[in-house]
Amino acid sequence: MDLHQLWTILSTPDNVPIVLLLIVVPFYTWYGMRQAFANDRLIAQLESDPAMAKTHHRKVQPFKAGWAREVHVWPFLLRIEFLAAIIVTVILMVWSITLNAPLEEPSNPTLTMNPSKAPWYFLGLQEMLVYFDPWMAGVVMPSLIIIGLMVIPYIDTNPLGNGYYTYKQRKFSILTFIFGFIVLWVSMIVIGTLIRGPGWMWFWPGTTWDHNRLIFEVNRDLPDIFGITSRVPKIIFGAVVVGLYCVAAAIGMHKLITKTAFNRKIYARMSVLQYVVMQTFLVVMLALPVKIMARLLFRIKYIWVTPWFNI
Amino acid sequence: MAETNGHNGNPAPGTPPAGNGNGHGGGPVAKVLAGAKAVQARATEEIKETIKAPEKTDVWKSVLRVKHDETPRSRALGVLSNVFLHLHPAKINRDAVAYNYTWGMGGMTFYVYITLVFTGTLLMFYYHPSKVVAFRDILYLESDVPFGKLLRNMHRWGAHLMVIMVELHMFRVFLTGSYKKPREFNWVVGVLLLVLTLLLSFTGYLLPDDQLGFWAVTVGTNMARATPLLGHAGPFGPQLGMTPFNDVRFGLLGGSIVDSNALLRAYIWHCVAIPILASAFMVVHFWRVRKDGGISGPAPMMLESEIKDVKKL
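For the protein sequence lines, the chains are A and B, in the order given. Numbering follows my numbering, in which position 211 of the first sequence is assigned residue number 623; successive positions increment by one, without gaps. Numbering follows my numbering, in which position 230 of the second sequence is assigned residue number 233; successive positions increment by one, without gaps.
FYI, nobody ran anything at the bench for these hints, they're computed from the structure. Be aware that a few hints might be false.
[As the list claims (entries may be wrong)] Short, incomplete list of chain A residues facing chain B, as computed with Cβ under 10 Å: (1) A477; (2) G478; (3) A496; (4) I509; (5) T569; (6) R676; (7) K677.
[As the list claims (entries may be wrong)] Reference excerpt, derived from the structure (chain A facing chain B, CB under 8 Å, subset only): (8) G444; (9) V485; (10) T524; (11) S528; (12) I558; (13) L561; (14) M562; (15) D568; (16) I586; (17) L587; (18) R608; (19) W612; (20) F638.
The C-beta atom is built at its ideal place from N, Cα and C for all residues, glycine as well.
All chains, please: the whole structure from these sequences, using the hints.
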């Protein structure tokens with residue numbers, strides 16, 4: 413156990429945000445889900461008791477007849493905003509006084525840093541470079557993430573859970589977002605920051621970063637495993653496999669989308685375009701863990717090899 | 004209250020002369036002295052009045068325009084008639100002011116952005132975006148400029164904090180379903196703001212011109228050469244005539260390597276172009292929050308049995 417190495421990684425100034433992320437993301441996930449479950453309990457109560465549903469104010473927050481539903485912004489909101497501004501300022505000041513921003517040697521194109529890392533918020537994408545070519549990890553995926561986030565309001569046809577925390581009424585969308593945000597985005601950032609060492613090799617926390625370490629891995633392309641050697645059959649084989657994946661993933665996703673009676677109700681509200689867009693993004697999103705698994709379990713480098721691009 | 008108009012050092016008509024008895028039968032000097040004393044007395048009176056009730060002066064009224072007392076009307080006007088506060092409504096959902104619903108992330112992000120604009124502007128006084136002096140400027144800033152180190156640290160950590168807060172804000176908005184009708188478009192604006200935040204941080208990374216920034220930006224922009232169709236190493240790029248000297252990466256860096264042009268471009272994107280874009284989108288974002296009916300909740304919960312059928316074509 414090399415605690416010094418661990419401390420070096422954790423205390424690198426630019427890694428401090430990731431340490432912060434490790435604390436605030438679980439905290440706020442718990443904080444949000446706790447309110448969601450509290451609301452769900454009230455929803456269950458209201459559903460089983462129609463008389464109560466007619467008269468209840470439908471929030472877990474207390475409310476009594478005669479109370480105003482709205483309060484004045486001044487002072488009730490502005491004082492909180494003022495307090496928040498002061499607290500943020502104090503935090504930022506203390507952080508800035510106690511910890512110096514990193515400054516390395518002057519830039520030198522002839523001296524490559526090892527490991528050479530992108531800013532922390534892009535480390536998820538850099539981690540994807542292990543599994544995908546740069547045009548996928550660096551260009552296509554970020555674009556799809558941005559567009560995928562933008563289309564969320566237009567493909568989510570579930571009218572429930574608008575303006576309150578709930579899990580029960582939005583299981584599918586909440587689990588999908590948590591999968592995308594926490595599993596695919598935040599945890600990849602954490603891996604890229606804390607675990608990837610020299611040569612972008614995997615070093616478990618506490619092991620020493622050995623700059624001379626060599627890993628002998630033979631990654632093979634899927635067509636080679638099947639003994640396909642010439643170019644055109646490789647292209648066709650890859651296209652078939654990728655096509656099969658898309659079909660299988662789409663069928664699996666469809667099963668998931670229409671699993672429960674409630675889900676089927678929401679599904680019935682979707683237009684064809686909404687459904688196709690949603691399927692496209694779900695299938696692409698699922699391709700990430702699938703490719704990672706294919707690499708880690710079967711040492712597969714590419715699935716689809718062509719002279720122009722490889723997937 | 005003392006009469007304040009049209010006096011020439013003489014007591015205004017109707018005002019009893021101050022210092023009774025001194026003006027009797029004196030010469031011109033005594034008269035002037037008596038007059039001066041009266042003016043002094045009145046000035047003292049006026050100053051006392053002003054200090055006691057500054058809100059009654061014309062200057063005060065001209066600045067604040069409305070009365071600020073404890074009436075509900077005044078509280079509402081205090082928010083609505085203030086240019087910095089008028090994006091707020093006069094009243095707000097009683098449960099929305101609790102921290103647990105919004106986590107305060109959107110507002111705090113905006114506050115950190117203001118802090119960054121402020122510290123960033125101060126940093127611009129000490130920084131030249133040129134390969135020759137950029138790194139030396141940072142050394143100078145850290146060792147010779149008063150509070151220079153604190154300034155740079157605040158800008159750096161504020162930037163990291165802003166990225167974290169933007170992501171958490173998005174997480175909260177998703178968990179509360181606040182992107183649903185009628186706020187769909189504001190979510191799209193929010194995603195654009197997230198992208199702009201990341202780009203702001205990324206372009207700033209290169210500016211100290213040290214190894215960290217140089218290699219981070221090298222790694223980042225090397226991706227651009229793999230852009231499909233538009234990069235010289237991307238799918239179908241070479242077939243479309245892309246070379247290292249005309250592809251999208253060349254356009255980003257102003258050259259085929261990360262060098263002085265890249266530094267200047269990063270500087271201009273970081274200090275001028277993206278802040279303007281981000282500010283514009285922020286204006287739209289906040290405006291839409293109000294126009295879409297204020298913040299989304301905590302709203303009364305809807306039950307499954309209350310879902311209305313959509314009109315099918």
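We went through each hint and held it up to the structure:
no., hint, result
1, A477, "violated (14 Å)"
2, G478, "violated (13 Å)"
3, A496, "holds (5 Å)"
4, I509, "holds (7 Å)"
5, T569, "holds (8 Å)"
6, R676, "violated (12 Å)"
7, K677, "holds (7 Å)"
8, G444, "holds (4 Å)"
9, V485, "holds (5 Å)"
10, T524, "holds (7 Å)"
11, S528, "holds (4 Å)"
12, I558, "holds (6 Å)"
13, L561, "holds (5 Å)"
14, M562, "holds (5 Å)"
15, D568, "holds (7 Å)"
16, I586, "holds (7 Å)"
17, L587, "violated (12 Å)"
18, R608, "violated (12 Å)"
19, W612, "violated (10 Å)"
20, F638, "violated (23 Å)"
Violated hints for the displayed structure, listed by number in ascending order: 1, 2, 6, 17, 18, 19 and 20.
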